[in-house]
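S.K.: Residue-level listing of the chains:
Number of protein chains: 2
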Amino acid sequence: MNNIHIIGMGLMGGSFALAIRKAFPNIRLTGFDKNQQHMEESLYLGHIDEASETPQAEADIILLATPVDTLPDLAKNLLEKIGPTTLIVDLGSTKASLCQSLSSHPKRAQFLAGHPIAGTENAGPRAAKEDLLNGKVFIICEMEKTDLQLKGKAYELFEGLNLKLRFMDPDDHDLHLAYVSHLSHISSFMLGKTVIDKMKDERHILDMAGSGFASTVRLAKSSPEMWTPILQENREHVLEALGSYIARLQEMEKSMRESDFEAVFQQIKAVAPIRELLNQD
Amino acid sequence: MNNIHIIGMGLMGGSFALAIRKAFPNIRLTGFDKNQQHMEESLYLGHIDEASETPQAEADIILLATPVDTLPDLAKNLLEKIGPTTLIVDLGSTKASLCQSLSSHPKRAQFLAGHPIAGTENAGPRAAKEDLLNGKVFIICEMEKTDLQLKGKAYELFEGLNLKLRFMDPDDHDLHLAYVSHLSHISSFMLGKTVIDKMKDERHILDMAGSGFASTVRLAKSSPEMWTPILQENREHVLEALGSYIARLQEMEKSMRESDFEAVFQQIKAVAPIRELLNQD
Chain F
1 MNNIHIIGMG LMGGSFALAI RKAFPNIRLT GFDKNQQHME ESLYLGHIDE
51 ASETPQAEAD IILLATPVDT LPDLAKNLLE KIGPTTLIVD LGSTKASLCQ
101 SLSSHPKRAQ FLAGHPIAGT ENAGPRAAKE DLLNGKVFII CEMEKTDLQL
151 KGKAYELFEG LNLKLRFMDP DDHDLHLAYV SHLSHISSFM LGKTVIDKMK
201 DERHILDMAG SGFASTVRLA KSSPEMWTPI LQENREHVLE ALGSYIARLQ
251 EMEKSMRESD FEAVFQQIKA VAPIRELLNQ D
Chain V
1001 MNNIHIIGMG LMGGSFALAI RKAFPNIRLT GFDKNQQHME ESLYLGHIDE
1051 ASETPQAEAD IILLATPVDT LPDLAKNLLE KIGPTTLIVD LGSTKASLCQ
1101 SLSSHPKRAQ FLAGHPIAGT ENAGPRAAKE DLLNGKVFII CEMEKTDLQL
1151 KGKAYELFEG LNLKLRFMDP DDHDLHLAYV SHLSHISSFM LGKTVIDKMK
1201 DERHILDMAG SGFASTVRLA KSSPEMWTPI LQENREHVLE ALGSYIARLQ
1251 EMEKSMRESD FEAVFQQIKA VAPIRELLNQ D
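Just so you know, the sequences run in chain order F and V. Its first residue numbered 1, the first sequence is counted upward by one per residue in this note's numbering. Its first residue numbered 1001, the second sequence is counted upward by one per residue in this note's numbering.
So here's chain F without its partners, still in its complex pose (with noise of 0.2 Å):
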């Protein structure tokens, strides 16, 4: 592997290019990003070797770490203009319409859709960290689709890049994404919003959100540019989500007014398999 060239350079390719750097030092690294201002700040990073004025066809892997709706017709586009060798790689968070997208493309062979499961509430190339993606799980989506020789050397990338491989079907992997990241995201939005609109004018927020609130609320400072098209790609799953976890609050709200605390208490007490889930403690 000789060259990667990589299409957005936020805080996912520029994470993928710091560590590609370290791990494959020999590895030839172009980048590019319609905002002129990531692009300039990813070289004066060293995130990349070269700055391309347009998305290029030519090289081994050719990395897609742009928003999830400009991801069909990029692949699209790039699969007409590259050659035999090339595998376009994917990274973005929903992965049912794009698979459907690409289904019957006759380079559709060229293209692996993946999905690392790794991130933080900044974006830019400014957020991009070199071990974002250490130890971290990668999906997979149609890996039967893909040339078996060209996902070889993907394969031989994210291994260098110690990432942990993992096999799903896309409408799987969208139904399960569905719960444990947008429900999280939209959850964590709608809560800084009712403090907001709450305590606008008032500085006490600044004391009294303790550690507790601060965790739950990061996710809100993610961006709606990137967060819009995930929940429109995956809008039936989400909505799902969505709709049970409303039902949940609004048990929780009847019980409460009720003044019926020992069900508070028992739906308290219910989730507390969740730290066996997560495996932490």
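Because the hints were derived from the structure by calculation, they are not lab data. As the structure is a computational prediction, the values presented were derived from the model and not from experiment. Glycine included, C-beta positions come from ideal geometry on N, C-alpha and C. Misleading hints may appear alongside valid ones.
[Unchecked claim] Computed list of chain F residues with no C-beta within reach of chain V, every gap over 12 Å:
#, residue
1, Asn-3
2, Lys-22
3, Met-39
4, Asp-69
5, Arg-235
[Said to hold, decoys possible] Rough simulated footprint, nothing fancy, chain F against chain V, three-plus residues with beta-carbon under 8 Å:
#, stretch
6, 1112–1125
7, 1182–1192
8, 1211–1220
9, 1240–1247
Dock chain V against the given chain F, drawing on the hints supplied.
M.R.: Frame of chain F, contents of chain V only:
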């Protein structure tokens, strides 16, 4: 100050004990907990010098670190028994009903209503940390009702523990905490419940739950024994905050159901000031 007695040797009582040991090594610390195992662990871990068989009334300061529903009776019983140089300080997360229940007590001046804005999702003596309180805010309610000299003793303690004092009206305190703490806990509990109910038989969640989910449900690991009484004591304010939160989630749900993603974008974007409010990046 020669001796401090702590009632309730869990996360908060234990953390106060450890911090006092460090800042005031000459103060003798005794403790009581109705849970015999907590008592033994507190001694074993060196949180206290001596375990008392019942709550003690003889100390310079008595710290009450038990669940909020136990505080009014506990404080009243102790006020009957203490001599004129003893101060009782509570550390409970709700303040209005406690202050109300003690408002006409003849020894009200020997009581200080406090609330350290610090904690973790873990419970019990082993969860205690020496630095949990360091640099944290300590809210005092109705400070004018506490005897000047006794108060001076408490301030000396708090200063030694590097706590930042803030003064508030009890109702104000409970209203604000409903938004920035109690609502966060409900949000987190019910998010955990939604995911558990959907995926209880699946192992996928372990892999797919990224750091965002872990952060958002961290508080869901909190103890139902501690949190049910807090929600009960602060029922009205929490119901207001919870109703407001549900309304915002329903607004998001409506926009998504109508596929109005411009509205979704605007709702998420409106949360941006949370970055500055929390004074973090």
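S.K.: Would you mind marking each hint as holding or not holding in the structure?
M.R.: Results for each hint:
no.: 1; hint: Asn-3; result: holds (29 Å)
no.: 2; hint: Lys-22; result: holds (21 Å)
no.: 3; hint: Met-39; result: holds (23 Å)
no.: 4; hint: Asp-69; result: violated (9 Å)
no.: 5; hint: Arg-235; result: violated (6 Å)
no.: 6; hint: 1112–1125; result: holds (count 6)
no.: 7; hint: 1182–1192; result: holds (count 10)
no.: 8; hint: 1211–1220; result: holds (count 10)
no.: 9; hint: 1240–1247; result: holds (count 6)
When each numbered hint is compared with the structure, violations occur for hints 4 and 5.
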